Amino acid sequence: MIMAENLKRYLSEATGIEIGEDKNAFVLDRIEALLDYIGYSEDEAEEQQQVADIRITGVDDNLIKYLEELSRLTLVPDEEERAKGELNKILDYIDMLNELDTDDVEPMSHPFDYTNNFREDDVVPSSQREDILVNAPQQKDGCFKVPTTVE
Amino acid sequence: MSFNNKTALELGQMIKNREISSVELTRAFIDNIEKTDKDINAFITVDAEGALKTAEDVQARIDAGEHLSALAGVPMAIKDNICTKGMLTSCGSKMLYNFKPPYNATVADRLYSAGAVVLGKLNMDEFAMGGSTETSYFGAARNPWDTERVTGGSSGGSAASVASGEAVYSLGSDTGGSIRQPCSFCGVSGIKPTYGAVSRYGLVAFASSLDQIGPIGRDIKDCAQVLSIISGHDAKDSTSIKTASLDFGGCFEGDIKGMTIGVPVNYFGDGLDEDVKEPVLKAIDTFKSLGANITELEIKITDYAIPTYYVLACAEASSNLSRYDGIKYGYRRKDCENLLDVYYTSRSDAFGMEVKRRIMLGSFVLSSGYYDAYYNKALKVRRLIKNSFDDAFEKCDMIISPVAPTVAYKIGENSSDPLKMYLGDIYTVSVNLAGIPGVSIPCGFGANNMPVGMQLIGKSFSEPKLVKAAAAFQNATDFHKMQNKYMKGGRA
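Protein sequence lines correspond, in order, to chains E and X. Note that the first sequence covers residues 138 to 288 in the numbering used here. Note that the second sequence covers residues 3 to 494 in the numbering used here.
Please keep in mind that the hints were generated in silico from the structure rather than gathered at the bench. Warning: the hint list may mix true and false statements.
Claimed, not checked - No more than 30 Å apart at the CA atoms, straight line, and that leaves these computed lysine-lysine pairs for DSS-like:
1. 221(E) to 422(X)
2. 330(X) to 202(E)
3. 87(X) to 330(X)
Said to hold, decoys possible - Some, not all, of what chain X presents toward chain E, calculated at C-beta under 7 Å:
4. 96
5. 99
6. 101
7. 210
8. 211
9. 299
10. 302
11. 350
12. 358
13. 382
14. 383
15. 413
16. 414
A quick note: this is a predicted structure, and the numbers were derived from the prediction, not measured. Idealized CB from N, CA, C, for every residue including glycine.
The whole structure should be built from the sequences, with the hints applied where relevant.
This is how it looks when you write it as structure tokens:
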């Protein structure tokens, strides 16, 4: 755990007490138990750091490239500059949500608490293959055609 | 003969009374579209041949004594993100420039069964992302009250076609205000129904937990009539609520004595233009004079609705629009070397900048490391917004508010500043987040003699109550009957 290591070093420096090799594992173990007890999570801390970073540095070129990859889009340099400026402005604005305390609020992903709203499992006619393929940019032998994917 | 001052219900009655045939009426509207739409650009597709054929069929069935619906034989049009079998459904995007759906949306099926004559498909912001219909691949739609100005959006074509007399009524879709705001900008009436009241089957998805299809018409009675046809459970949409169609029996007389209308005072503060505020405040007086109780309240949380909306809508959009891969339908870049190349180049060629920006923002808020801070946070605020409306409806039957902070602005005026454009949705998005219904009806004119609308908001499935209040207002006022030069000059 990085945090435990850091704390150990900090304690050692602050007190001037060197922690010998033989005590190392014991001290680390105690610090980790303590961190665990107060509900510290390394993953969460990393996430918070990431979010804090973006609030300071803003959307940079690397993040734009990463978002293009996630979105399967290639922007030309002009568009990238524009997107960077606009996303920064929009994210700044979205940050106002942090004014609200939502610790005890259940997330709401849908207007109604509706789950597994299944229809009867009856067999009914579905679309015909040729009707669906009519819109395909390329087709072959009753299938969608794509460039070679496996050499 | 002029039909421009007639509503869909009146024209439906005239057809039944043999005062006019559906074919004559349809032909008159097609002629009018030919003349008018070069100015308005409300239509992406006009299907003259198909419409006339439908009109003949419907007329034959009416002549044979069949009762289809009160609107049988009346010509209408459909927003271009609602699937119509064999008829181009482009979503205003290059991505679907050639997409002819192999099936009908449930709403289209229900309208056809009710004897609707579909004139064609209507212009919109690309994939319904926008508030002005300027992001359409097919060019901006123009406001019939001033063609230098936007129609609003994203259902700009749906509102403009009705406002210009090119269609008697239309269907739009509303994810954050896309029916209500263009209605306000163009001086027509519209309803964003309760989430789950109308099937979304065949509506090209933008943000699935917010999207609803709804009607636009010359008055609220036409809208209610259309909504009674298209609403009701559909097994093909798992988010469609298992209830019967909405019933508006007894709502049109509009007796609202004793009804309590809430005025959220914080909706009338900073950011609302004076020329919009004034007609809405006058409308409140009208309701008072009609016997409604007016009570002031605050819904402070809606200040946070826009950031919440843009996080959630973009997150859902980034997922929904991942289906456009250049493989199954729509645009595909030629001569790609590998599959990834097909994805990247087809999507980059065919999506406009607003769509790209929203997909990227959505990808961001859903990505590892940012999910909790942005997406999950917004989901929690969504719950707070819903709770605030629940609390408000403990104190009143409905809420009255402006629809948009301004009247229709000039084409190009806001398109370079997305954030400014987003702020125009301040009064509408919270309704979608809460999943409740909202009605938009004309209540006056603002700067440059452009129409102003007001919004009535109610709890889930309170559409009949909202229609009753809107009908009471329209029975007492004439704002919905005002005609621009296209309405006056149209041959139809």
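The hints, checked one at a time:
For the hint linking residue 221(E) to residue 422(X), the alpha-carbon distance of about 17 Å falls within 30 Å, and the restraint holds. Proximity of residue 330(X) to residue 202(E) is assessed by CA-CA distance (about 27 Å); at most 30 Å being required, the pair is judged to hold. Between residue 87(X) and residue 330(X), the direct Cα distance comes to roughly 17 Å. Compliance with the 30 Å bound is thereby established for this hinted pair. Hint on residue 96(X) is violated. Least Cβ distance to chain E is approximately 13 Å, over the 7 Å limit.
With a least beta-carbon distance of about 11 Å to chain E, the hint placing residue 99(X) at the interface is violated under the 7 Å criterion. Because the closest C-beta pair between residue 101(X) and chain E is about 6 Å apart, less than 7 Å, the hint holds. With a least beta-carbon distance of about 9 Å to chain E, the hint placing residue 210(X) at the interface is violated under the 7 Å criterion. Annotation: interface hint on residue 211(X) holds; nearest CB of chain E at approximately 5 Å, less than 7 Å.
A hinted interface residue such as residue 299(X) counts as satisfied when its beta carbon comes closer than 7 Å to some beta carbon of chain E; here the least separation is about 20 Å, so the hint is violated. Interface restraint check for residue 302(X): the shortest CB-CB distance to chain E comes to about 11 Å, outside 7 Å, so the restraint is violated. Restraint check, residue 350(X) versus chain E: the minimum CB separation of about 5 Å is within 7 Å; hint holds. With 7 Å as the threshold, the beta carbon of residue 358(X) comes within range of chain E, its nearest partner Cβ sitting at about 6 Å, so the hint holds.
Checking residue 382(X) against chain E: minimum C-beta separation of about 4 Å stays under 7 Å; hint holds. Given the 7 Å rule on beta carbons, the hint for residue 383(X) holds: about 6 Å separates it from the nearest Cβ of chain E. Interface restraint check: residue 413(X) against chain E, minimum CB-CB distance 20 Å, threshold 7 Å, status violated. Checking residue 414(X) against chain E by beta carbon gives a least distance of about 16 Å; that is not within 7 Å, so the hint is violated.
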